[in-house]
Amino acid sequence: MIGENRILTTLRAVIKKSPAEHTEAVFIGGTLGLTRYANSYIHQNLTENNTKVIFRTVTNSRIGVTSTNSFNKDDLYRGLVNSFKIAQHQQPNPDFKGLPMSCKHKKTKTFFEPTAIYSPRQRAEVIRKICRQAEKYGITMAGAFSTSSSEIAVVNSNGLALYQPLTTAYINLIAMTDTSSGYAEALSRRVVKIPFASLTETAFKKCLDGRNPVDIEPGRYDVILEPVAVSSIIDWLSSIAFGAKPYLEKTSFLSNKLGKKVMGSEMTIYDDGSDSSGLAFPFDFEGVPKKRVYFVKKGIAGRPVYDTIYAAKAKTRSTGHCMPPGFSGGPMASNIFIAPGKKSKSSLIASVKNGILVTRFFYINGLLNTTKAMMTGMTRDGTFRIKNGKIIGPVKNLRFTESVTKAFSRIGGISKETQLVKNWWKDIGCCSAPTILIKRFNFSGKTEF
Amino acid sequence: MRDKLKSVIHHLKSKKVAYGDIRYVSTTHQSINVKDRVVESVSQDEDSGVGIRVIVDGGWGFAATSELSDGELIKTANLAIKIAKTSAMTVKNKVRLARVKPYIDKYSTKYKEDPFAVPLDEKIDLLLKVTEILHAKRMIKTAEASLDFYRIKKFFCSTEGAFIEQDIIESGGGYMATAVSGTESQRRTYPSSHRGDFACAGYEFIRQMGLIENAERVADEAVALLKAPVCPATETTIIITGSQMALQIHESCGHPSELDRVLGTEISLAGGSFMTLDKLGRFKYGSPIVNIVADSTIKGGLGTFGYDDEGVKACRTNIIKEGVLVGYLTSRETAPLINAVSNGCMRADGWSKIPLIRMTNINLEPGEWEYDDLIADTKDGILFDTNKTWSIDDRRLNFQFGTEVAWQIKNGKKVQMYKNPIYTGITPQFWNSCDAICNMNHWHIWGIPSCGKGEPMQTAHVAHGASPCRFRNISVGVRK
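From first to last, the protein sequence lines are chains W and X.
Counted from 1, the first sequence has number 424 at position 424 by my numbering; the numbering is strictly sequential.
Counted from 1, the second sequence has number 395 at position 395 by my numbering; the numbering is strictly sequential.
Hints are not guaranteed to be accurate.
Computed from the model, here is a short list of chain X residues facing chain W with C-beta under 8 Å [stated by the list, open to error]:
id, residue
1, His135
2, Met139
3, Lys141
4, Ile354
5, Leu397
I should point out that these hints are in silico values taken from the structure, not numbers from a laboratory.
Just so we're clear, the structure is a prediction, and the values are computed from it rather than from any experiment.
Yeah, the Cβ is synthetic: ideal placement off N, Cα and C, and Gly gets one too.
For reference, chain W alone in the conformation it holds in the complex:
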């Protein structure tokens, strides 16, 4: 950790010498400790220590961006000047209306010392214990266990200077026999909150219950999607629908639908980076506070997330969802919540007469027809048949191909229990997802295992 004082002082000093009209520096740095295991032994074990400073300079609305991973003052200044030189070759960007001004932020605790100092040996000991337990059941284990500490800072020539330290702990477990696999994962800012014992139990149970799966014909089934499966669909919605870029380009299912019904009234999906029940991160990479944004509220279409550039295009205000300078995907939702329901997961399962339970999906692709949120993907690591309210046994993996907006219009129930699931923005966000029962979900194909 470099520390708030040194980061902000250094970046302020470099920006002060900038020849540009507007200058911004974004610092992203930290240490990642990651231990991967497979075949019940550790096969990759690493520590990565890195920093990155991204400069955005603007003169006459001409924007230049450079980055460097050196924190040496001379290298930083050279990076800044290169950014200024690049901007000279640019065309003016009519949507640049200035860098954000400094404003008040909600204080959010996102750094926990025990996670930051968690050692490779401590991670190895956890994995050794899990693997030894697995041996007793003839199970082989695979997965990854990471602990990280990071620092993010945004400084600009308007006097804005923000710093946020973060820690993240994440583990996933796959328990395997020759014919089955079971999965569990957990994510938290605090490693002490990771429930290793119950995760192990879940992965073991799914694996043992999943032995010798039977063939099942594709078709429409009522489906119980567990939180990890739900989250992977939401990840794709975030990419193809929840940002201002697809919204304004009219490729999002939300485009032109404000106030119209797009899903079942049970569905409420929103982004809230300030909610500490998720993996909170209070400001975006321009330093704008994150606001709660409803994409779908009781089935009715809402608005996308914005940064300052896309907000100017749409003549609205930034919602605090800018990604690091140079990212070409536009503003992104990274702290997504799906509002929980009132039923328990077990009661949802009990309500299914003829259905399938999905633990998670693999390799979803959401580009089939983005205006209809048409997606495809495979089940993996625990797919089970449900009959008359009971899980009766494992089935081989299936492919789904389905419009998510249509599927989320056939909600049979949403669990009151939710789980934080890792998404593409692991350190600055996640998805808080419940278990969801969907009626007549379309499984379009099957595989051999």
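Given the coordinates of chain W, assemble chain X onto it according to the supplied hints.
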């Protein structure tokens, strides 16, 4: 830098590690993105650091840092040793590496025109012209064009005595036109999706891409797709063009032939493979005309280099020979398990990541057909062009791929255009149905700069040589 690296190796030897290597990598990445007649971003990223990898007590340790002071390098080396000792806590079989000659050598990409010496204004003008042409069509809602250039400097130094210096240059670009009408949205890209086409080459590669020349056609096709009928669900003969074949090879042969997947060490994220060890030398992966090689030596391929990231010299290896599985992509650690030497596929995404088995240039060898003859020889079928969607199960068997456009083929002629085309299959059944491959006149190496694998996610730059192919009795469309 050489002396710094050598002193770390000296330190590792003094600590009596079983094996150690250090890689210094410095990358400059220039990226230019134009959208709708506006330069959306011009960026240049500089990134450098070292990664140190050791084997101690039979376990691996890896530590990486961007701070390059002598003290920090020794601290990082000691951390790698400490981490290796914790890995050893769970080791069942000590890591054993295949022997490799400790090369002392230099390698550089051969190119004509340094892409970083070409003025920024010239590059920006090219992209602005492209989006101007695309936007000339009223229904084109969004036009995006991009160029990317990489300059990568690498040093590799090992306790076995290797010292390798490499200078790699990569260039690539492409564009996408999105047509919108009501709630219908359709896109076309050129020369391929996934940010275009890439090569280990200089700016001469960009000049010969035909970016301007093809823009009007691409815009016309995007607009035409809005009114085209949806590709019907059926079982039929399909012809797949070269760029989509690149994706087909990538997902259904490249990834499952990675030996670390086969051995289960990537199972938690990327998945495993159906190409299990018992199938080596006997499994009928495809029809007898199917020959697939891994070749990191071929000129211009995005997966071309002098040495991999554990010092193994670039080479050519058969993966599928006359339809039979005969090889895997390997590393020094995995190759001994199939009684082989490494074929040099260990690659890391920069200095900070641990090398993994990655694709290089995984090429489908050309066949004998002329493209026009192949179309003329097809009485009833569908032609698929340019990848749009990709999904495959975690053992690489059941796949569903979609392309941007398809055309009905009737009595040897390309007729009706279709939108939202999808085809699906089980990998070995699919490749066994291949009955025609076009010849070298239609063969091209497609560079893909975005192959993901590993935790934390690593992006590899890979390529696939391919020409159009024909497959029989393929399931097209989606079961309702």
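- Task: Determine which of the earlier numbered hints do not hold for this structure and return their numbers in increasing order.
- Result: 1 and 2
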